[in-house]
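Since each chain comes alone in its own frame, lean on the hints to assemble the complex.
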Amino acid sequence: MPNYDRSRMVFVTADGGTLEGATRATEIERSITIRASEDELYRLWRDPQHLSRIMDHFATVTAVDGGRHYWVIPLPIGQIAWNTRTVAEHPSESLRWEPLAGPRIFDDVSVHFRPAPGDRGTEVTLRIRFALPSGIVGCVVMGRIDTGLGLLVNTVLRRSKSLVETGEIPTLAHNPSARGSGDTI
Amino acid sequence: MRALCWNGVNDLRVETVPDPEITSPRDAILRVKLSTACGSDLHFIDGYLPTMREGDVIGHEFMGEITAVGSEVRSVAVGDRVVVPSFIGCGNCGYCQQDLWSLCDNTNPNAELQTPILGYPTAGIYGYTHAFGGYAGAHAGYVRVPHAEENCFPVPDEVSDEQALFASDAWATGYMGADFCDIHPDDVVAVWGCGGVGLMAQQSASLMGAERVIGIDRFPERLRLAREKAGSETIDYTAVESVVDVLQRMTGGRGPDACIDAVGMEAHGTGIGYAYDRVKQALRLHTDRGDALRQAIVACRKGGTLSILGVYGVLDKFPMGVVMNKGLTVRTAQQHGQRYVPQLLDHAAQGQMDPSYLATHRFSLEDAPRGYEMFKHKEDGCVRPVFVP
Numbered sequence: 072m073p074n075y076d077r078s079r080m081v082f083v084t085a086d087g088g089t090l091e092g093a094t095r096a097t098e099i100e101r102s103i104t105i106r107a108s109e110d111e112l113y114r115l116w117r118d119p120q121h122l123s124r125i126m127d128h129f130a131t132v133t134a135v136d137g138g139r140h141y142w143v144i145p146l147p148i149g150q151i152a153w154n155t156r157t158v159a160e161h162p163s164e165s166l167r168w169e170p171l172a173g174p175r176i177f178d179d180v181s182v183h184f185r186p187a188p189g190d191r192g193t194e195v196t197l198r199i200r201f202a203l204p205s206g207i208v209g210c211v212v213m214g215r216i217d218t219g220l221g222l223l224v225n226t227v228l229r230r231s232k233s234l235v236e237t238g239e240i241p242t243l244a245h246n247p248s249a250r251g252s253g254d255t256i
Numbered sequence: 496m497r498a499l500c501w502n503g504v505n506d507l508r509v510e511t512v513p514d515p516e517i518t519s520p521r522d523a524i525l526r527v528k529l530s531t532a533c534g535s536d537l538h539f540i541d542g543y544l545p546t547m548r549e550g551d552v553i554g555h556e557f558m559g560e561i562t563a564v565g566s567e568v569r570s571v572a573v574g575d576r577v578v579v580p581s582f583i584g585c586g587n588c589g590y591c592q593q594d595l596w597s598l599c600d601n602t603n604p605n606a607e608l609q610t611p612i613l614g615y616p617t618a619g620i621y622g623y624t625h626a627f628g629g630y631a632g633a634h635a636g637y638v639r640v641p642h643a644e645e646n647c648f649p650v651p652d653e654v655s656d657e658q659a660l661f662a663s664d665a666w667a668t669g670y671m672g673a674d675f676c677d678i679h680p681d682d683v684v685a686v687w688g689c690g691g692v693g694l695m696a697q698q699s700a701s702l703m704g705a706e707r708v709i710g711i712d713r714f715p716e717r718l719r720l721a722r723e724k725a726g727s728e729t730i731d732y733t734a735v736e737s738v739v740d741v742l743q744r745m746t747g748g749r750g751p752d753a754c755i756d757a758v759g760m761e762a763h764g765t766g767i768g769y770a771y772d773r774v775k776q777a778l779r780l781h782t783d784r785g786d787a788l789r790q791a792i793v794a795c796r797k798g799g800t801l802s803i804l805g806v807y808g809v810l811d812k813f814p815m816g817v818v819m820n821k822g823l824t825v826r827t828a829q830q831h832g833q834r835y836v837p838q839l840l841d842h843a844a845q846g847q848m849d850p851s852y853l854a855t856h857r858f859s860l861e862d863a864p865r866g867y868e869m870f871k872h873k874e875d876g877c878v879r880p881v882f883v884p
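Top line first, the protein sequences correspond to chains A and B. Residues 72 to 256, numbered by our numbering, are exactly what the first sequence covers, in order. Residues 496 to 884, numbered by our numbering, are exactly what the second sequence covers, in order.
Read the hints as simulated data drawn from the structure, not as lab findings. Since the model is a prediction, treat every value here as computed from it, not as a measurement. Honestly, I wouldn't trust all of these hints.
[As the list claims (entries may be wrong)] Some, not all, of what chain A presents toward chain B, calculated at C-beta under 8 Å:
id	residue
1	S102
2	Q150
3	R191
4	L222
5	N225
6	R229
7	S233
8	E236
9	E239
10	T242
11	L243
12	P247
13	S248
14	A249
15	R250
16	D254
[Said to hold, decoys possible] Covered by chain A, per the in silico footprint, the following chain B stretches (three or more residues, Cβ under 8 Å):
id	region
17	496-507
18	711-724
19	758-768
20	809-822
[Stated by the list, open to error] Residues from chain B that keep clear of chain A, each with C-beta distances beyond 10 Å, as calculated:
id	residue
21	R744
22	G748
23	Q847
Note that beta-carbon positions come from the ideal geometry of N, C-alpha and C, so glycine has one too.
Next comes chain B alone, as it looks inside the complex (with noise of 0.2 Å):
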């Protein structure tokens, strides 16, 4: 099958790959019928992740059609319509039987490469370092799914697939974000980033009930689509002397009652605490430009929520003062997307939330690098470059 590899920094390619096979009783194998790229994929991209190897396939954000499912696979079946989360769950854990699928203790085949620095192994995850499991991705023509019982979420017919793709990994994470600050009808939260997570967010918060969400970005058609599409109030960064003032402003004085960073590791900014991490992060002395995660801490109201859904090394310099004395609730995780997808499944059937808009542009898998570089650079308003095998 074809499938967009790994090469080195910055080096993608299409490359002809072995088909996957069932190699469990509990794995399904997919025909992938629409995958997009994630932000997160950037950051191995463009090397600040280790454990990539040459010739990973990747890609972890996708739906398509079963077409074999091992001998022990009984609640769906070939030819079922799937959306499947990025992060991998086994279901009987004590992590997934909590709902916290990305934390599950056995779909890691790596998990002694992870535990020097986490302590403890995450889930795996496809197409996203061998730390992360080292699983093939999903830009490709199939994909292995484990325990598929857990892990394919079939789509209602009523559902599209655009629709369905971006439950993957997009719209749960953005709605699980919402879903940590616990929205009360008068709040206010604000949101960096208005990417594809960052959009997702913001349309969640207001579909919680948040008074009033406020988008942070830099590029004005991703502002444009969180005012008319998510229905939020923005802030261009570049335009303004102090992003937490305007918040301030914006809010009597009081800072938003949760702040969300969906930015992550390779925030831009424009201070000198961005031109600090700029150079730190280019001589390799630290993985990660945390400007905006810093803004969402100081902007933050006193006993607020800090919601963070950017993706990070072993970050330095974080404002630890900042969060204890402003008594800040810090939550975060990967998505538990297992936890969401029936519920986004249902407000797409339901015609609650529409995430489709996201993808703005269409390629064939053959054409893939050249959809990161578009999204790399955000060419042409691209939000989301989505692959068609």
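Isolated chain A (complex conformation) (with noise of 0.2 Å):
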């Protein structure tokens, strides 16, 4: 069995157990600093709005009621959709959001806020627990696959950031190429 055990990308058995017959997850940490403060952000995490526009290039959430969020990941046929709880135990310093039944691609999402040295706002850390295939095949998957997971949640990160420091994510929509207009990749 690989052992996969990289600095802030880990494999994680989902219920602690052995490796045989065990859910396997793989948890993607990534961090980035936000000139803004800690209650902004926090505010501005909870709005699903602000999580659809920086999770655009994958995902929508939207709103449901009593704190739950329904998210939507298209696939190249169809979709997966589920519903998450958001558990809010501290305020202005994490958020999560927790699967309910049913199938997923995140089995838990958290981010998690602390201030930044001086001025510089604040430290702004994404968690994404994904759901994945078990066992040999799904470990042999993930080491192809970690790295795009990575950039993934940088991106997320990347353009929450963008949106907040300036108002807008930077685009290449309608970018003028002998390709034809809109340019991303």
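See the structure below:
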């Protein structure tokens, strides 16, 4: 069994059990510093519109009721959609989106805020635990796609930072080229 | 609109592409009046920088007139004649706030293409690979300028279009390179390269009070410009055994107080180091030919400043032991244009410095591929071709 343990990108077993038969998950953690207060960021990250804008490249998030959110990730064929319950145990410090029953791609999502030194703003740490295939196959697959997941989490944080600091996310929409208009990779 | 597009290594064509649009309330659209080629464009034209895509509109040094602004743009308006630095700043991140504009955190839409190599992304730039943002360039009828209030600088009436054009990049870069040297009145400053950036660095070093400035190149017409326009002494490196020896002789054995590299990854040279780089680059074993940079490191006096303006990839054979044992201070950056442009426009308005002599040749945009050919091969004394859409 490959031992997959890199700093900041580790395999964890969802139920703490042995590898055989256990649901495997990969937890990705990334941080960014944003020039805004913890309170402002906490408020924004509770807003499904902010979540949808910063995850626009792969997911939509809508409010249902009573702190529940509905997550949709389009796939090449169909989509995966599930509900989460927002857990706010530490206002202004962290938020967690706990999945309710059913298929999903994220087992758990949490965001943590702490003051950055000086006037740099707030250090924002995003942790996403992905629900992914189990066993050796899952391990090999994850070894291949972990970089992609890391980039995905990084991109979410970068988009949030740009939106908070400048009011917009940098875009190549309608970017002229001889390939036509619109130029995202 | 018509635009100069990259279609592969050494394949530039003028094509019809869609016009840019306002995509954010902070955008402006410029009608390009003048644009120019930069030596750093040659690196991706020659295939040494990755992440170009066929059909990319190139060009990052330009000025023009604002034809449209987004709803939140207040400080500049339609009809303004403006110059725009090549790197795009947001004005609000920690780096922009510290006047380190080319390090902006918020203007590179393709940040994740850069982070595996750089660790952290740079600002976006117009027309200069997708890793550096992928924004359409300015060798075109029109260009979209994000964050217009931070990036559009109105040009005073007494400053000509050509003077303003070079404030966009070549002048700002050269000026920054001289500024990095913290020049004292009795300093000797040596500059490798007498192209647009090198000439601007030399002239700026003089303006900042250097006692002597020495320009190094191999093209007689560029060395002549260094002497006549920048007031430099010059060395033709192909005519001497060792540039380092000549610089030592010229400085009483001390070496220049500051050395500026205005050459970059496609340096030419004459010795065994150049032959080594050439072979390794041809075999794609590394991206850079670093002969000029290594000369500058060895030539610089102990405790001196090495100011690097040349663009590099992931150069190997960088003599760190020489830098360390000589106690050199290394300062380098892509240009922080927004920090310098107001000063440069003021210098031009006051008649203290005039960069317009760099514009040795003028072409219509339709003839831009020919302009790049002349520029690349330094035909007819071409220092900078200027394109008029």
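The hints, checked one at a time:
| no. | hint | result |
| --- | --- | --- |
| 1 | S102 | 12 Å, violated |
| 2 | Q150 | 24 Å, violated |
| 3 | R191 | 6 Å, holds |
| 4 | L222 | 5 Å, holds |
| 5 | N225 | 6 Å, holds |
| 6 | R229 | 5 Å, holds |
| 7 | S233 | 4 Å, holds |
| 8 | E236 | 5 Å, holds |
| 9 | E239 | 5 Å, holds |
| 10 | T242 | 6 Å, holds |
| 11 | L243 | 5 Å, holds |
| 12 | P247 | 4 Å, holds |
| 13 | S248 | 4 Å, holds |
| 14 | A249 | 3 Å, holds |
| 15 | R250 | 4 Å, holds |
| 16 | D254 | 6 Å, holds |
| 17 | 496-507 | holds (count 4) |
| 18 | 711-724 | violated (count 0) |
| 19 | 758-768 | violated (count 0) |
| 20 | 809-822 | violated (count 0) |
| 21 | R744 | 49 Å, holds |
| 22 | G748 | 45 Å, holds |
| 23 | Q847 | 35 Å, holds |
The structure shown violates the earlier hints numbered 1, 2, 18, 19 and 20.
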